[in-house]
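Chemist: Sequences and hints are given; from them, build the entire structure.
Going line by line, the protein sequences match chains A and B.
With this note's numbering, letter number 59 in the first sequence gets 59, and the count goes up by one each step, no holes.
With this note's numbering, letter number 25 in the second sequence gets 129, and the count goes up by one each step, no holes.
Heads up, some of the hints might be wrong.
Label-pair restraints from in silico Cβ distances [stated by the list, open to error]:
#: 1; chain 1: B; residue 1: M178; chain 2: A; residue 2: L99; range: 14 to 24 Å
#: 2; chain 1: A; residue 1: T7; chain 2: B; residue 2: R303; range: 14 to 24 Å
#: 3; chain 1: A; residue 1: V79; chain 2: B; residue 2: G167; range: 13 to 23 Å
#: 4; chain 1: A; residue 1: D97; chain 2: B; residue 2: H155; range: 37 to 47 Å
#: 5; chain 1: A; residue 1: L99; chain 2: B; residue 2: A230; range: 52 to 62 Å
#: 6; chain 1: A; residue 1: A90; chain 2: B; residue 2: V210; range: 12 to 22 Å
#: 7; chain 1: B; residue 1: G181; chain 2: A; residue 2: E5; range: 47 to 57 Å
#: 8; chain 1: B; residue 1: F203; chain 2: A; residue 2: V72; range: 35 to 45 Å
#: 9; chain 1: B; residue 1: R197; chain 2: A; residue 2: F68; range: 28 to 38 Å
Hints were generated in silico from the structure; no laboratory data involved.
Values in this document were obtained by computation on a predicted structure and should not be read as measured data.
Backbone N, C-alpha and C fix where the C-beta goes; we use that ideal spot for every residue, glycine too.
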Amino acid sequence: MSGLEVTTGWYLTLGAMLFLIGGTGLLVRRNPLIMLMCVELMLNGVNLSFIAFADRFGDVHGHTVVLFVLVVAAAEVVVGLGLVVAVLRASPRATADDLSALKG
Amino acid sequence: MVEVVVFAVAGAACLAGAVGVVLSRNPVHAALMLVMTLFGIAVLFVALQAHFIAAVQVIVYAGAIVVLFLFVIMLLGVDRAAELSLGALPAQRWTAAAFGIGGAAVLVWLVAAVDRIFQGLPSYCAEEAAKLGREAPSAVCASLQEAGALGSESAPTATNYLIDVSAIARSLFSDYVYAFELTSLLLIVAVIGTVILARRSGYGESAPAESGETPQEARP
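Modeler: Dropping the structure here:
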């Protein structure tokens, strides 16, 4: 069983696939809540790559960056959900296509 | 062998959850699929020796962010069959297809390139060491040497180098201390912004937002 080992490339591939699935979902879906979830998927794919590299090089900086990504993701979700609540209260069937309030 | 099985199971859970988030019609199901993905990633973090990050992943993501999503879904009453039946706009669909295919091609190429670089690194560092003699090696070779990844070519990962909480804390409060303080500023701005957003919409509708907490009334 020496031929089959989990290398860094496997983790990078998985992270890339998560990033792509999240990005495709972000483009396809129009429910703002699900679009936010797709952004979370993309961030998680990137986090997996960071940790894979940190493990490969035995470097702590990858872990630190992942902590920052987590904090920024939390802040992003809070603000994004605040916006969603504010918009959907006014018009409960709104999709992302209807969010043109900032258009000039 | 155990590593391969763990990776296969957790990776399959991640991908299934991710596809489920994108394809599910009901936002509640999407949020639960997101939990599956996040747990799979936490398992992979443990497999990658990142125990603290795995714990934070479960606590912050599954414990806070997904619960926040579910709160908003339930609060707004949008947990019904969603807009997938509308179909995407044609241009949007083409953009998404191009993003998916092109991105997959680029990323497969990138990962292959990274693997090739990894395989070439030991010989590169050996050449560099021979050329430089006693001088200091480059940063990549130095970190590889420190991690013990150069000595034995059979070790694909530097598992003899354990990164624990104290190492992360030392990095966070020395190298990244300014970024850390900026993070606190970011969180305060996010909290204040959210409060203002929620209050302004309350002013706009005045009475219904204050008294009746039932958004179902507003449905057409």
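Chemist: In this structure, is the beta-carbon distance linking A:D97 and B:H155 contained in 37 to 47 Å?
Modeler: Because 43 Å falls inside the window, the suggested range holds.
Chemist: Starting from the range 28 to 38 Å, see whether the pair B:R197 and A:F68 falls in it by beta-carbon distance.
Modeler: Given a distance of about 35 Å, which is inside 28 to 38 Å, the answer is holds.
Chemist: Okay, B:M178 versus A:L99 on CB: inside 14 to 24 Å?
Modeler: With Cβ atoms ~21 Å apart, the hint holds.
Chemist: Starting from the hint 52 to 62 Å, judge whether the C-beta atoms of A:L99 and B:A230 obey it.
Modeler: holds, 57 Å
Chemist: Should the hint that B:G181 and A:E5 are 47 to 57 Å apart at their CB atoms be regarded as holding?
Modeler: For B:G181 and A:E5 the Cβ distance comes to about 50 Å; the hint holds.
Chemist: Given a hinted range of 35 to 45 Å, is it respected by the beta-carbon distance of B:F203 and A:V72?
Modeler: Since the Cβ atoms of B:F203 and A:V72 sit about 23 Å apart, the hinted range of 35 to 45 Å is violated.
Chemist: Has the hinted range 12 to 22 Å been met by the Cβ atoms of A:A90 and B:V210?
Modeler: Violated - the Cβ-Cβ distance for A:A90 and B:V210, about 40 Å, lies outside 12 to 22 Å.
Chemist: Could you tell me whether the CB distance from A:T7 to B:R303 stays inside 14 to 24 Å?
Modeler: Roughly 52 Å apart at Cβ, these two residues miss the hinted range, so it is violated.
Chemist: Quick check on a hinted range of 13 to 23 Å for A:V79 and B:G167, using CB atoms only.
Modeler: With Cβ atoms ~19 Å apart, the hint holds.
Of the numbered hints listed earlier, those contradicted by the structure are 2, 6 and 8.
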